[in-house]
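Once you've looked at the hints, dock chain W against the given chain H.
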Amino acid sequence: MLRTLRSLLPLLALALALPLVTACGGDEVKNDGTLRVGVVLPMTGAQATYGEESWNGIKLAQSDLESAGLPTVRVGGEDVPLKLNLILRDEVSKKQQAADNAKSLIEGEQVHVLLGSVASSHTKAIFKEAKESEVPCISPASTNDTLTVQGGPYTSRICFKDGFQGAVLARFSLDQGWKKAAIVVDKAQDYSVGLAENYEKTFKAGGGNASMHYYVTEDTDFSNVVQNVANDNPDVIFISGYYAQAGPMIKQAKDKWAGKPIIGGDGLDSPELIGLVGDTNAEIYLTSHFAADAPDEQVQNFAKRYKERFGKSPGAMAALGYDVLGVLLDAVKRAEDPFDPESLAKAIRETKNVKGITGTISLDNEERTPVKDAVIVKVAGGLKFHKLIPAGGS
Amino acid sequence: MFFDYLMNGLGLGAIFAFIALGYTMVYGIIKLINFAHGEFFMVGAYVGYFCLRDLDIERVGLPQPLPILLDFFVALWAASLVAGLLAVLTERVAYRPVRKAGRIAALLTAVGVSLLLQNIAVQVWGANPRSFPDPRVFHALDDLEGEAQANYYADREFTTTQGETVTEAVLLISQGDVLDATKRASIEDQGFDEVYERVTLSPKSVQYFVILALIGWTPILWFLVKRTRMGKAMRAASEDADAARLMGININLVVALTFFVGAFVAGVGGVAYIATYGKVEPMLGFLPGLKAFVAAVIGGIGSIPGAIIGGLILGVAEAIIPFVLQEVFGWEEAFAWKDAIAFAFLIVVLVVKPTGLLGKPMREKV
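Note that the protein sequences, when read in sequence, are chains H and W.
Numbering of the first sequence is given in my numbering, commencing with residue 447 and proceeding in unit increments.
Numbering of the second sequence is given in my numbering, commencing with residue 845 and proceeding in unit increments.
Source of the hints: derived by calculation from the structure; they are not laboratory data.
Nothing here was measured: the structure is a model prediction, and the numbers come from that model.
Glycine included, each C-beta is placed from N, C-alpha and C at the ideal position.
Be aware that a few hints might be false.
[Stated by the list, open to error] Covered stretches of chain W, as calculated for chain H (at least 3 residues, CB under 8 Å):
hint, stretch
1, 975-985
2, 1041-1055
3, 1174-1185
Okay, chain H solo, but in the shape it has when bound (with noise of 0.2 Å):
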């Protein structure tokens, strides 16, 4: 036994060394024109509205950008016309997915650029690859403060950061005269504690005063959570988490919150939001990158395209899908050599005034992350524009 064993051993190596050799093979692969785009995206799981309608909006973005006509590119001293080959993972809404997907589409595939997630926590597990890779990354909708710090010049992304959006909640529930506010919080997500502390600093600033609540992302019963709250008799609920588990935590409320208003991020921002807490007479706000119904005839346009062919209204994340695809064509124009990571990722950074569906976005060598307009959004039987915040006031 031992010695067939032995004997097997070479065969075993060379069965280990093998992927390596054809990995590093594909270097020599002749660039055609074709940048490899590699996208990372919760399709299943608790996310999996984030993952559809980025998608369906990068989708759009493609057919957009090619009936335009996508530039030319020089490749080995010959113009080609370039080739957008988007190839999609799905990160399953799991963090450790996220990470993976990066390392099989960074070395298996050898994309050239990377875009997603949406979870913070999951674009950070990216980011992380990408840095070590240093392959391109842009993230379209992850909001965490040290996102693109922790990632280094190698990422980006294209929407505010929490810094800001914190801010905006905080400023908003002053505004309405609300001075007693609950946060729940979702101790397993990064983008959720960022969030709440930003809303806090702000709100407390302001002459407010915030407790914190805590529950974790597998949750389903709420019960106590919702207690606690009630029991805290706040003026406002701060519901800093994803809508997978704001939703039923809504609904689980019904009694015992009548009557008090709800906030929440962009994280809620949803079309199933709206299944999940049920018919409700709740006030419900948060704040997002974008509203379908906002006063903006771009907005408009895309909303009502969008809707004929995917049947749904699109929520902030169809729209900043389709921005994250415009930014990456406008730097992959402006780059000395766009299958060059360096040079991509330095065009990248140099973003500047591209006219987005989701506001202005210009990105800076610092963070590597736009100022922009966030919108407050009013949940009443859909997701309604209730107000425009502009980018650096509120």
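Relative to chain H, chain W alone:
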């Protein structure tokens, strides 16, 4: 305030008890820890979901709230029957062939079946969570007058440029809107003569319902096990399966029936679970299944009253221990740790009383 937490705990505990019953009954007879039991619960939840979503019993025309009750009645029965039949099928296909192969083989088969059912559910129903379908109550537009008492919706169908037909719910009248002639005309212009309201059940009433259902089921199970011939056969088989067979008891039938009853009750738990917590997904059986197993162990695995008591104790412990840690010791994050607390509680119980609260000490046969 304490009472509120206690009720939350009892509501959750009743669901644990519904699942724990199946664990304990099966263990009592063939000494198998049926890890797939959480998946029977999940399948029950899905069946209930589809009944509530698609049957539209509300349209039959009975006065409210009869249709809603009827809706849940049908969903509960369908969920229980399907879960029960699935359990019988699983037992026949997966467990019976390995019953003689020893307990480890059976245990591993159970883990395998559990994973298999989860993955089938992912393939068939998709991995995405679905929100609980609130019962819809339809009204003819002509019946509505004055200020709207609820939000009224209607479904609209349209075709996308990709050729897909999509149904979307449109909010036509918000609560508090006054339904005047212009509004009525504009709704009629859109082609709707009927609207519906979505009845989101109050979580408290669902909680009471679950606890009452458990109270209702307990004597039924007691009667089944203690007062029927089949119950007598079950007890005999659990005492000594070989001797029972020699006495002419059809062990296969007894085991199949035990699986059926256990999963039947879990189906009730499944519908209660999604009604309480608002969504249904393929992994939904995992954690409650595990906790119900803990509950069965706490109560003393193999004992039916033990499963009910264990479930309730675990549910209450999950609510009350963090509550005490929070209120008395000022630990703000206590509720984020409730799962860890539940399992720590199991360890404590087992250290103090290794056979569980109502379990019989087991003698090793030499």
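Results of checking the hints against the structure:
no.	hint	verdict
1	975-985	holds (count 3)
2	1041-1055	holds (count 8)
3	1174-1185	holds (count 6)
In the structure shown, no violation is registered for any of the earlier numbered hints.
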